[in-house]
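**Q** Listed below, chain by chain, are the residues.
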Amino acid sequence: MTDAKEIPRILSSRWELADGHTLERYVDTGGYEALRRALSAMTPDEVTEEVKAASLLGRGGAGFPAGVKWGFCPPGVFPRYLVVNGDESEPGTYKDRIIMERDPHLLIEGALIACYAIGATQAFLYVRGEMALAQERIAQALNDAYAAGYIGRNIMGDEDFSVDVILHWGAGAYIVGEETALIESLEGYRGMPRLKPPYFPAAKGLYMQPTVVNNIETLANLPWIVSNGGAAFAGLGAEKSLGTRLFAVSGHVNRPGVYEVEFGTTTFRDLLYGEPYGDGIRHDNRLKAFIPGGASAPWFFEEHLDLPLEAGVVGAAGSMLGSGAIVVMDETTDAVKAAWRIVRFFARESCGKCTPCREGATWLERILRRILDGYGRPSDVDKLLDICDNISPQITWPPKQTTICPLGPSAVSPIASAVMRFRDEFFAYCGGGEITVPVQGKAYLSTPPAVGAST
Amino acid sequence: MPRFTSENSAVADDIIARYPRPRSALIPLLHLAQEQDGYLTEDAMEHIAELVDVTPAEVLGTASFYEMFKRQPVGDYVVTVCTNISCLLVGGEELLHHLEHRLGVKAGSTTPDGKFTLEDVECIAACTEAPCMQVNYRYFHRVELDAVDQLLEDLRSGRLAHEVPRHGTLSRVRQQLPEDRAGNAPPDRTVEPPWLARNRKANGDGEHAS
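Residue numbers (our numbering), protein chains in the order written: chain A, 1 to 455; chain B, 1 to 210.
Check the hints yourself; a few may be wrong.
With a straight-line cut-off of 25 Å between C-alpha atoms, the simulated BS3-like cross-links for lysine-lysine are [what the hints assert, rightly or not]:
no.	chain 1	residue 1	chain 2	residue 2
1	A	Lys400	A	Lys353
2	A	Lys240	A	Lys400
3	B	Lys106	A	Lys337
4	B	Lys70	A	Lys353
5	A	Lys196	A	Lys400
6	A	Lys383	A	Lys337
7	B	Lys115	B	Lys70
8	A	Lys196	A	Lys383
9	A	Lys52	B	Lys201
Label pairs and their computed distance ranges (CB to CB) [claimed, not checked]:
no.	chain 1	residue 1	chain 2	residue 2	range
10	B	Asp146	A	Ala232	45 to 51 Å
11	A	Asp306	B	Arg172	44 to 50 Å
12	A	Arg25	B	Leu145	34 to 40 Å
13	B	Leu145	A	Ser379	50 to 56 Å
14	B	Glu153	A	Ser379	36 to 42 Å
What the hints contain is simulated information worked out from the structure, not anything from laboratory work.
If you're wondering where the values come from, they're calculated on a predicted model, not measured in any experiment.
Beta carbons are placed, not taken as given, at the ideal position from N, Cα and C, and that holds for glycine.
For reference, chain A alone in the conformation it holds in the complex (with noise of 0.2 Å):
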């Protein structure tokens, strides 16, 4: 850390509370205050103002703005719906789980400021169907809520403000993070992703309505912007990422946690060495590599220890920081088996739709166990990229899709990393022989053309 600048605990104040998730403590800690704030002091549109003054990046992976989000429901169509995407399922991501256990009201109220702000009288929290203590604290949650009369008709009072808000839960599938596979789940059916025109959510999503998908994590901030001023929170951070924000370190560091630290100023060594956080590598082992972003992301090397946990510094240095999930990885690490485990995940998540990501990964998963298996052929190194080119064209960062969803390009990710910087490593398994395609620089072959403003 640069300095030693007081960081205030948006997310994670109530999470060493033995009763934290109780209304109780809730209400005793400030709980609600927030809510009560919204409804006799601002205006729906207000509130909205303040979480674009926040600018609060979105926290489930994509990293879109919330209030630029929420503004994109088209006016005077209703009912609009909130759904709350809480089905954490990237690998190396853990911090949804923890609100939704620890401190499930703060997500609850932080839903209401949302729906209060967009007009939405029904949210659904899709929690994700492994989580069964994260279900039980929600329910009972919503039930304490709905007694006090925080939730339901009548809200705190305001004889105008009604919602409802609904547990609802999946049965295990990766693809229903995506938020449109989401909607599909939650209408009932097998979660495939809709394709995006026309199916943007917040035009046309649950039930073709306007429908606001947001993150656990992004939610939780809402209580504190409106306490506290969407300034306040953008007085932390720095250039687009502003607030604080949980990371997930988990590897070979000596102390793997959740930490929520200063988004945008921290920098990775200070997340995988710094005594608060991962307090090094383990055995004093050399870092061979780290994922700054959870499976979907391209590795890191030492090299971009000293960037700062920032969107765009990120992005441009070749990868993303996603769900904010660094997984570590020290110099005893078998790069081949990493990227083998990792391409298996999709693999075996992709939904089938689309042929390049539900073939490509696939075939891509075959072969490289193939390659463990010792049966490899140094022709298999092209080979990976070759597909991986197909599902992701020039194989660049940020991905060109051939698919629906990122599902497809995330697969390509850990194999473009393993294969840029360990190639000895997995000619050592195929018994030697010459790359032919060139790979050289960063991660990635090549970086793709600026074409207008990114979305």
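For this one, chain A is given, so just place chain B on it according to the hints.
**A** This is chain B only, laid out in the frame that chain A set:
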């Protein structure tokens, strides 16, 4: 083969009434069926089809997409071990292999006594607590190999019955909703919410400015 019991039929009706369209209740109802029977029976799926007014094939179509829905009987305890990247790095595979040896079955199968089903699963969001596993979707963090032996012993003897309910039961707390609902009007009959309308009028804006 069981359909919903009368008690669960009432729960099912209550769940369906939460959604603007009945089909949205499909996944929660499949969980309810699995809670009742431990897995999804064909009769239960047919019953669900009647309840939400779709064909049984459509129910099967949705159910077969999702990993958690079991279409054949599984063990009392479904043991799911994560072997994805964060767990792989600190011993997830060793944990899985240890369990395979202890239970005498490969991942994906059930012990002959019907007690345990072992699965090799993808990331379950406990990456900083790796290696991790679940039993009937209850978490066990930073699992050591000898702790696993004790865990199996405790599960066999029923000592953990309170913490780990039988397979199929997820949340043991059901959401209760008041009769007088705030926002469940069908999509084609919902008007602008009053709190938006009041601000629009206060601002003197025209129709549908918000």
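**Q** For Arg25 (chain A) and Leu145 (chain B), compare the CB-CB distance with the range 34 to 40 Å and indicate the outcome.
**A** holds, 37 Å
**Q** So if I understand the rule, the pair passes when the alpha-carbon distance is 25 Å or less; does Lys196 (chain A) with Lys383 (chain A) pass?
**A** With Cα atoms ~31 Å apart, Lys196 (chain A) and Lys383 (chain A) exceed 25 Å; violated.
**Q** CA of Lys400 (chain A) to CA of Lys353 (chain A), is that 25 Å or under?
**A** Holds, at roughly 18 Å.
**Q** Can you tell me whether the CB distance of Asp306 (chain A) to Arg172 (chain B) sits inside 44 to 50 Å?
**A** holds, 48 Å
**Q** Does the structure keep Lys196 (chain A) and Lys400 (chain A) at a Cα separation of 25 Å or less?
**A** Cα-Cα ~15 Å, so holds.
**Q** Taking the Cβ atom of Leu145 (chain B) and the Cβ atom of Ser379 (chain A), is their distance within the range 50 to 56 Å?
**A** Violated - the Cβ-Cβ distance for Leu145 (chain B) and Ser379 (chain A), about 40 Å, lies outside 50 to 56 Å.
**Q** For the range 36 to 42 Å, tell me whether the beta carbons of Glu153 (chain B) and Ser379 (chain A) fit it or not.
**A** 51 Å Cβ-Cβ, so the 36 to 42 Å window is violated.
**Q** Keeping to a limit of 25 Å between CA atoms, is the pair of Lys383 (chain A) and Lys337 (chain A) held or broken?
**A** Holds, at roughly 17 Å.
**Q** Quickly compare the C-alpha distance for Lys52 (chain A) and Lys201 (chain B) to 25 Å and report which way the hint goes.
**A** OK: Lys52 (chain A) and Lys201 (chain B) at ~23 Å, within 25 Å.
**Q** Next pair to validate is Lys115 (chain B) with Lys70 (chain B); report whether the Cα-Cα distance is within 25 Å.
**A** holds, 15 Å
**Q** Between Lys240 (chain A) and Lys400 (chain A), does the CA-CA distance stay at or below 25 Å?
**A** Holds, at about 23 Å.
**Q** Compare the distance between the alpha carbons of Lys70 (chain B) and Lys353 (chain A) with 25 Å, and conclude whether the hinted pair is satisfied.
**A** Given pair Lys70 (chain B), Lys353 (chain A) holds - Cα atoms ~23 Å apart, limit 25 Å.
Checked against the numbered hints given earlier, the structure breaks hints 8, 13, 14 and satisfies all the rest.
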